[in-house]
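Novice: Single-letter residue listing:
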Amino acid sequence: EAGVAQSPRYKIIEKRQSVAFWCNPISGHATLYWYQQILGQGPKLLIQFQNNGVVDDSQLPKDRFSAERLKGVDSTLKIQPAKLEDSAVYLCASSLDWAGVSYEQYFGPGTRLTVT
Amino acid sequence: AQKVTQAQTEISVVEKEDVTLDCVYETRDTTYYLFWYKQPPSGELVFLIRRNSFDEQNEISGRYSWNFQKSTSSFNFTITASQVVDSAVYFCALMRGRRALTFGSGTRLQVQP
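Chains A and B, in that order, are what the protein sequence lines are. In terms of this note's numbering, the first sequence is residues 1 to 116. In terms of this note's numbering, the second sequence is residues 1001 to 1113.
These are computed hints drawn from the structure, not numbers from a lab. Computed from a predicted structure; not experimentally measured. Don't be surprised by glycine CBs; every beta carbon is placed ideally from N, CA and C. Take these hints with a grain of salt, some might be off.
Which bits of chain B does chain A cover? Going by a derived footprint, with three or more residues having C-beta under 8 Å, they are [as the list claims (entries may be wrong)]:
id, region
1, 1010–1016
2, 1104–1113
List of simulated lysine-lysine pairs, BS3-like, C-alpha gap at most 25 Å [what the hints assert, rightly or not]:
id, chain 1, residue 1, chain 2, residue 2
3, A, 44, B, 1003
4, B, 1038, A, 62
5, B, 1038, A, 44
6, A, 44, A, 15
Please model the complete structure; the sequences and the hints are all you need to start from.
Specialist: Written out as structure tokens, the structure is:
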């Protein structure tokens, strides 16, 4: 079974530029998460989707971050404009189903963003 | 509000030593789930275990064991006879309902040969 795919793996941009990250969850997984992991810290939720609806985006800096989940499958996370403090690893995760038995979240390899 | 505390920032042991990673959590919910994840140098988070709040039985999986105590709000993780391949950052996490994970700050384990 293929895991969670993310691209790109690395990205370096200058502050005030825009950037987008892509995530393809495990096939059949209805719930998708984007986490931000700053160096030396644990991952922090940015947004949670159930199919193509947003469940929780309370910690998403909406003035600069946006996310969508196309047709309830792939998802993109965008930052516009980027700030230095956005330098982090952006992790995508998916889990089976809102009403499913399995609560395990499976994580992708992450995208490491450096803002200079 | 939920919170997970991993007070040990970094632990260094010599191969074959036993090591325990501490995790203390805070939640007002009666139903919740606790997790441990491993993050090796490659960066990908690897699921290790999930426990629900109603199951306080300890669990053993090979060299890994977990001790869940609701009375002290702790969910500690022990590696027996550590190996160099165990070197990684380990995260404890808490989930309420079917929501996202709240992670601790992680414990970096270095196992020296």
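Novice: Give a verdict on every hint.
Specialist: Evaluation of the provided hints:
A count of 0 residues in the region 1010–1016 of chain B with a Cβ less than 8 Å from any Cβ of chain A is obtained; the coverage claim is therefore unmet, three being the minimum. Counting residues of the region 1104–1113 of chain B whose CB lies closer than 8 Å to any CB of chain A gives 3, which reaches the minimum of 3, so the coverage claim holds. Distance check on the hinted pair: residue 44 of chain A and residue 1003 of chain B sit about 12 Å apart at the alpha-carbon level, within 25 Å; holds. Distance restraint check for residue 1038 of chain B and residue 62 of chain A: the Cα-Cα separation of roughly 30 Å exceeds the 25 Å cut-off, and the hinted pair is therefore not satisfied.
A C-alpha spacing of about 16 Å is found between residue 1038 of chain B and residue 44 of chain A, which places the hinted pair at or below 25 Å, so the restraint holds. For the hint pairing residue 44 of chain A with residue 15 of chain A, the CA-to-CA distance comes to about 22 Å; that is within 25 Å, so the pair holds.
Violated hints, in rising order: 1, 4; the structure is consistent with all others.
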